[in-house]
Each structure stands twice: as structure tokens, then as C-alpha cells.
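What follows is the residue order along each chain.
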Amino acid sequence: MLGFLDLLGTIGGNILSFPGILGLALGMMTRNWMLAAVMGAVVGIMKSLIFAGFHFSSVDMIDLGVAIVIGVLAASVGCAIRHKGATA
Amino acid sequence: MSDTNGGPKQGLLRRLWNGFWSPASAFSLGFILISGFLGGIIFWGGFNWSLELTNTEEFCVSCHTMETNLGEYRETIHYNNHSGVRAICSDCHVPHEWQHKVKAKIIAVKDVYHELVGTISTPEKYEEHRLAMAAQVWKKMKASDSRECRNCHSFEYMDFTIQETRAASEHQRAIDNKMTCIDCHQGIAHALPEGYLEQYRSVVEDLQASNGKATPHNADVAAIQTYVGGLPK
Chain A
1 MLGFLDLLGT
11 IGGNILSFPG
21 ILGLALGMMT
31 RNWMLAAVMG
41 AVVGIMKSLI
51 FAGFHFSSVD
61 MIDLGVAIVI
71 GVLAASVGCA
81 IRHKGATA
Chain B
1 MSDTNGGPKQ
11 GLLRRLWNGF
21 WSPASAFSLG
31 FILISGFLGG
41 IIFWGGFNWS
51 LELTNTEEFC
61 VSCHTMETNL
71 GEYRETIHYN
81 NHSGVRAICS
91 DCHVPHEWQH
101 KVKAKIIAVK
111 DVYHELVGTI
121 STPEKYEEHR
131 LAMAAQVWKK
141 MKASDSRECR
151 NCHSFEYMDF
161 TIQETRAASE
171 HQRAIDNKMT
181 CIDCHQGIAH
191 ALPEGYLEQY
201 RSVVEDLQAS
211 NGKATPHNAD
221 VAAIQTYVGG
231 LPK
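First to last, the sequence lines map onto chains A and B. This note's numbering numbers the first residue of the first sequence as 1 and each following residue consecutively. This note's numbering numbers the first residue of the second sequence as 1 and each following residue consecutively.
Hints listed in this document are in silico derivations from the structure and should not be mistaken for laboratory results. Only a predicted model underlies this, so the values are computations on that prediction, with no experimental measurement involved. Keep in mind that a hint or two might mislead.
[As the list claims (entries may be wrong)] Computed, partial: chain A to chain B, Cβ under 7 Å:
id	residue
1	G13
2	S17
3	A41
4	H83
[Said to hold, decoys possible] From the derived model, a few chain B residues whose C-beta atoms are all more than 12 Å from chain A:
id	residue
5	W98
6	Q99
7	H100
8	K125
9	Q172
10	Y196
Yeah, the Cβ is synthetic: ideal placement off N, Cα and C, and Gly gets one too.
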């Protein structure tokens, strides 16, 4: 039960943090799906590194994985918004 | 059924969806940017304000099941002391950093569930679950290097000369052996359950096993320190 909530909390924390918000914003800056996904993944990696004080040994692998996935998804949503919402 | 343009009549949701994604020819780019910026501030401010409301002591103890914890906490130095500086529930149980705070708030959903189903609604039930509840908090604190304690307390700024001899000695030992606050202060705000030492040891071993780290050899560190201290200067 706590394990599931722990994962859910990690996902929620990432959606409302850099990977979710910055990932979405960066995704909205391009129509290129691949570029958006890469930028989202980079944001996820950077977020994990920044909050671990740039100590690779302090990076939690589950947190890193979730941050990358959320970053890629948010950037893809941002890219979709760009495709749908920009006329030029 | 057809609309005025001769096409099939669209439902409300479809029209709203299409309207949402249509270019806003009636508004300038500046208007949209400024209104979006203001809307963002209002939304984020309201969200953060609501989140902070759930950090207040009144909110935490508004549940019936928190009465036991509250009574115990009120007997401690974190509630009542000579300086009047207090640590309330959220200071110890909710991280300050945003991403950890959101995670803690989502995990706290389980507290609402257990309040509703009455898992710890009587003193007997509370005592039955006390060790397990304490172990969960110890695990979080040990894993985070007592992050919430360190929001206020720091080894770097402790003046050992004005601490009691035993406290100063133990804090020095904690620094030398890379220990963390919860290693010694398990019952700092709530009563300790029976068998807490064995349970805490089990929590530490589980964490070390999951992290793939070996148990720290404190005895070896102490032996090295003794050896180094005995070397001729």
C-alpha cells in the first residue's frame, strides 16, 4: 500500500515540479516530437541531479526513471499543444 | 438536425473544444499573455495557500485519531519550552522542499482513509499499531538523513561547550560515525512503543539491504580513531 502511494507521490511531485511544468513549456516550443521528448528527458535528468546536489550516488534510480518518463510525457503533451494550437 | 451553416449540429462539448482551439481574433497577444500570467499567479498562489493550510497544527489535529499523538507531543520540548520557539506537526512530518512536500501530501491520503475506517480509533487499536506507525516514520527519516530535523538543527552550528557533557559527547560520536538524528532520537515527540529498539534495528537493516550497502562498521571506525590518537605526534 505504502509502496504504491510512494510511487504515486513521486509521480505527483514530478508532474508539479520541473519535469512536468518545464517539460510542458519546452515541448510547446517545438513541433518536432523527437526534440520535445529529448528536451523533456533532459529536464528529468537535470531535476534529479540538481536535487541530489550533483552527486550521482545520491540519485534515486526510481525517482530518476519517473522524472524522465514524466518529462518526456509532459514535453510530448506540450508538443501536441503546439501542433493543435498554433496556426502558423 | 443542422446548424445555421447547414452542417450537422454539434454538441456543447464539441463546440467548447473547437472554440478552445480556435485563434482568439478578438484578443491581442498582449491581452492573452497578461491574462494568462495573472491567471497563473492566482491559480498557483491559491494552490500553494491551500497546501499550506494543510500544514497547520489545527488541520493536523482536526481528526479524532490524532488526539493521542497531540497529547504526547504537548508533553515535549518541541511544544513548550523556555524560548517559545515551537516545531508543529508539519515541521517534523512534511518536507520543506517542493517535490518531497507534494509526495508527502499524496502519501498522506492513507491517513484520511484510516481515519474513515477507524484503524486507530480507540486507544487499544492505537497501541496495536503504534510500533508499525513509528517504524514507517523512522524509515522515512533514516532514508532522508533526518531531513526534517535538519531544517532546524545542524551539527555545524552546535556549540558543544554549552551542551550537557553527555549530549556533547554523543553528538560528537554521531558526527564521527556518520549517524543521523533519528538513530538516537526515535521518541523525541511521541511515546516509544515496546520493542522499539529491535524494530528500529530491523528498519535500518531493511534500508541497508534495499540500498545494497553493508552495515557501517562503527566499531572499526572507533578502533581506527583510537589507533590514530595513540600515534606519536
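Verification of the supplied hints:
1. G13: Holds. Min distance 4 Å.
2. S17: This interface hint holds because 4 Å falls under the 7 Å limit.
3. A41: At 17 Å from the nearest chain B Cβ, A41 (chain A) fails the 7 Å test, so the hint is violated.
4. H83: Interface hint status for H83 (chain A): violated (11 Å vs cutoff 7 Å).
5. W98: 6 Å, violated
6. Q99: Per Cβ check, Q99 (chain B) is inside 12 Å of chain A; nearest 4 Å; violated.
7. H100: 7 Å, violated
8. K125: At roughly 17 Å from the nearest Cβ of chain A, K125 (chain B) sits farther out than 12 Å, so the non-interface label holds.
9. Q172: 25 Å, holds
10. Y196: 19 Å, holds
The structure is inconsistent with the numbered hints 3, 4, 5, 6 and 7, although it conforms to all the rest.
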